[in-house]
Amino acid sequence: MKWAKAWQLSDIILIALIGIFFGAIFMGTNYVYDVLTAALAPVGLSGLANELLLGLWCMPGMLAGYMLRLKGSATLGELLAATVEMFFGGQWGISTLISGVTQGFGAELGYIVTRYKHYDWLGLTASALTTTIVTFGWDLARNGYFKLQLWLLILYFVVRFCSMFLFGGVLTRLITDMLDRSHVLKSTHTN
Amino acid sequence: MNPSIKLLLLFIIALEISFSLIISLNIALVILAIGYLLLHHTKCRTIGWLLIVPLLPAIGLWSTQYINGTGNKTLMAWVLFTRIYAFVFTGATFTLTTNILQLADSLEQNWHLPSKFAYGVLAAYNLVPKIQHEVKIIRAAGLMRGQQLSFWSPKLYFKAILVSINWSQNLAQAMTSHGFVEDAPRTHYRHCPLRWQDWAIFIVGLGLIQLGLFVIPWS
Amino acid sequence: MANIALENLTYTYPEAQAPTLNQIQFTFKAHQFTLLTGPSGTGKSTLLKLMTGLLKLPANQGCIRYNDQPLTTIAATERAGKVALMFQNPNQQFAMDTVENELIFALENRQVPANEIQAKLTAALAFVGISELRERNLSHLSGGEKQKVALAVIVAMDSDVILLDEPFASVDPAARASLLKRLIQLRDQAGKTIILADHDLTDYETLVDQVVRITPDRHLTAVPHADWSTLFADFARTGQTDQRWRLPNQPAKPLFQLQKVALTQGRHRLLQPTDLTLLRHHNTLITGPNGSGKSTLFESLVRLTDYDGQISYLTDDIQTLRRKRYARQVALLFQDAETQFLNITVAEELAQSQKYAYGDYFTPARITAAMQQLNLTGHEDQVIYTLSEGQKKKLQILLMLIMQSPVLLMDEPLKGLDLKSVQALVTLLKSTIAETHQSLIIISHQLTGLAPLIDYHLRFEQQHLQYREAL
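Residue numbers (the working numbering), protein chains in the order written: chain A, 328 to 518; chain B, 28 to 246; chain C, 11 to 481.
Incorrect hints may appear among the rest.
Quick list of in silico lysine-lysine cross-link-like pairs, DSSO-like style, CA-CA up to 27 Å [stated by the list, open to error]:
hint : chain 1 : residue 1 : chain 2 : residue 2
1    : B       : 157       : C       : 430
2    : C       : 270       : B       : 163
3    : B       : 157       : C       : 334
4    : C       : 92        : C       : 191
5    : C       : 402       : C       : 425
6    : C       : 59        : B       : 163
7    : B       : 163       : C       : 334
8    : C       : 365       : C       : 270
9    : C       : 92        : C       : 130
10   : C       : 425       : B       : 163
11   : C       : 66        : A       : 398
12   : C       : 425       : B       : 157
13   : C       : 365       : B       : 182
14   : C       : 59        : B       : 157
15   : B       : 163       : C       : 402
16   : C       : 365       : C       : 334
17   : B       : 182       : C       : 130
18   : C       : 334       : B       : 182
Keep in mind the hints are simulated off the structure, nothing from the lab.
Extracted from the complex, chain A is given alone in its bound form (with noise of 0.2 Å):
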């Protein structure tokens, strides 16, 4: 585990407790899934509740990624708030797991592709973007998406990579100008 190494005990802590304090804010928005689930239900198309929402889950994975510039943050940065969230109240068990897995990958092959050096706009998109992908190559299997008519699996797509790219790349930068204006990081991080 080499890459283990370049990890310090503190930026364990602070990913995982970014996880964390960002699973209890969206606990919050619980209430908007199932309210627009319970109302696509009948015209067949709830399941656009869980693309407009799943940027707002993939964030923590783009924002570790984007924040802390290490190979590897945005994939322990998504498995880390996983694997806390199927202990603490999560009742989707290990499904969870292999979500934050295939989230947090996905996060990271945009930084791959931009070969760790674009912590712009472009490395944010093209995050945005290979996270669509790979997790709705996942949903394809996962969620019987494969059997959908086209037209829906296209709409679904959009949808999704628009909730990627606003919650997981305008929110994070926005997020992240912040933290830059603010000097925070620079006492904890040099790179």
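Given the coordinates of chain A, assemble chains B and C onto it according to the supplied hints.
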């Protein structure tokens, strides 16, 4: 059973049923899992709760396939409906019988996960109640300054990250002061054995799921 | 055991202009109990963290030696056996869930063989007198209990030198006395070296061997024994006042009405069911020992914590009010200034408060004047997080005054401020509320300058909250 072996087995099961279209297998897994939970003295109320919570998403998945699917719509609708329950109940056999400390012990002792990962995450996990309270405080502080902080407000996350940075440094220092040194050897008071029985259950479990997937003619 | 020598120690934080510690030259003798004192924010914490190795001392910025061995050459795995630090904030001090698991964690780190852990753990808990807490969850303990656990960890690790950084800030008097007794035992029976940083000097005079002060120019100097009586007597006066307050005579305009309100922290009862009325357009001071539950009372008044019984604001049960509206009526000045901030620069914060202010008393001209009064002029474009603690506190108070919520709860508003800042703040408070007629409820240990502002006094002690005429 050894926590990490159990996790691995359930992880593989969850992966495999994600690709299977056998309704009876999903139901069989749910029944087996309920049996296992009852053996471990899980309260009926908890099991009832596990039946109710996934209902809404399950109906959502069902109706999506039933209305907008292709091919054998009814089959796919019920596959996904039962699959969600299989996820929830097989997952519960892990989360309701194992705690995060046992998993951390097992990953550290059996698989040589660096202790900084095991204990770093544990330290954060043990702050969950404080974190929930802190989110309330951040929101209240915003309201007292006239600003509502919703889940789309960057300021809400910014404040949460500031607190996280602060706490992570305090925790890391406290752990160091309690003798923790990254990558240094430690002794283990709670012994987490990895026995041949664990591997036996793992192999048998794995074998059974393959039987269910590929051999048993369910319909 | 260990003499600790500080040689030419200088430390400057990366973002800071001036050094926090400047050319410190000092030796702490082994087996002694040293009280390290000096106002808040003068580098006591920094010094203790450097001595523990938690902060790295840059090369050629001096040297710390334990019995002639430089700290940097002591292997990381040996350090905790040499020196351990107990922190001010008991909340982020533990990695594990229960008392027992935290001690096990520490002993495992020290590489104590598994079969010896049980005995050491039991002995350490018994020594501190908390055997009954063994299986309890750490997050359910009171501040005093947590610090006892922190001491038990240090005892179990058997560290030669014990450093304590303002350890009693949230510890009740009984727990404080018990902890001090154990520290004396550790010095006398086990020969430990103890260095305790505190700005509150109560009770130390007969206990400690040495008093060391951090001077304003950031040096360390031992206070000669002859000067002790003056030092301790001067301190005792800061928490005293001859002021008498009248008791409220009913009926008056009620602000808050508490009906059978009881407060708990974990299993710990803080307040017995209490009926009480707080009055409108008056200023009420709440005093009481650390850890008595004053801050928890404030949290329940703004619905941040659960309580038993009913609290009414004016005429309504506060649980029936909409959060958003209620927050504009009753605001809390948090003890930690950073909690209050929402933006990046001073100017942005001022603009935000102005935008959402409840009243229009604070015109731009008045804000400029207030900034001047508080000596904050010229910092408008500065990032808040780079301000000194004192500047943050003053800015925080100004921001909440600008909001002009009808009720302002202030939790230790003067903590850590120098006398000049306190006077400036009290002057500003007086002139403001004379015009705005806000109701202030203030928790404060420090009374210098504050007393004339107060109409009524509540004492929170031993689970009771009552009006009193004197302290």
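Hint-by-hint comparison with the structure:
no.	hint	verdict
1	157(B) with 430(C)	violated (36 Å)
2	270(C) with 163(B)	holds (25 Å)
3	157(B) with 334(C)	holds (23 Å)
4	92(C) with 191(C)	holds (22 Å)
5	402(C) with 425(C)	holds (12 Å)
6	59(C) with 163(B)	violated (31 Å)
7	163(B) with 334(C)	holds (13 Å)
8	365(C) with 270(C)	violated (38 Å)
9	92(C) with 130(C)	holds (17 Å)
10	425(C) with 163(B)	holds (24 Å)
11	66(C) with 398(A)	holds (26 Å)
12	425(C) with 157(B)	holds (24 Å)
13	365(C) with 182(B)	holds (17 Å)
14	59(C) with 157(B)	holds (25 Å)
15	163(B) with 402(C)	holds (22 Å)
16	365(C) with 334(C)	holds (16 Å)
17	182(B) with 130(C)	violated (47 Å)
18	334(C) with 182(B)	holds (17 Å)
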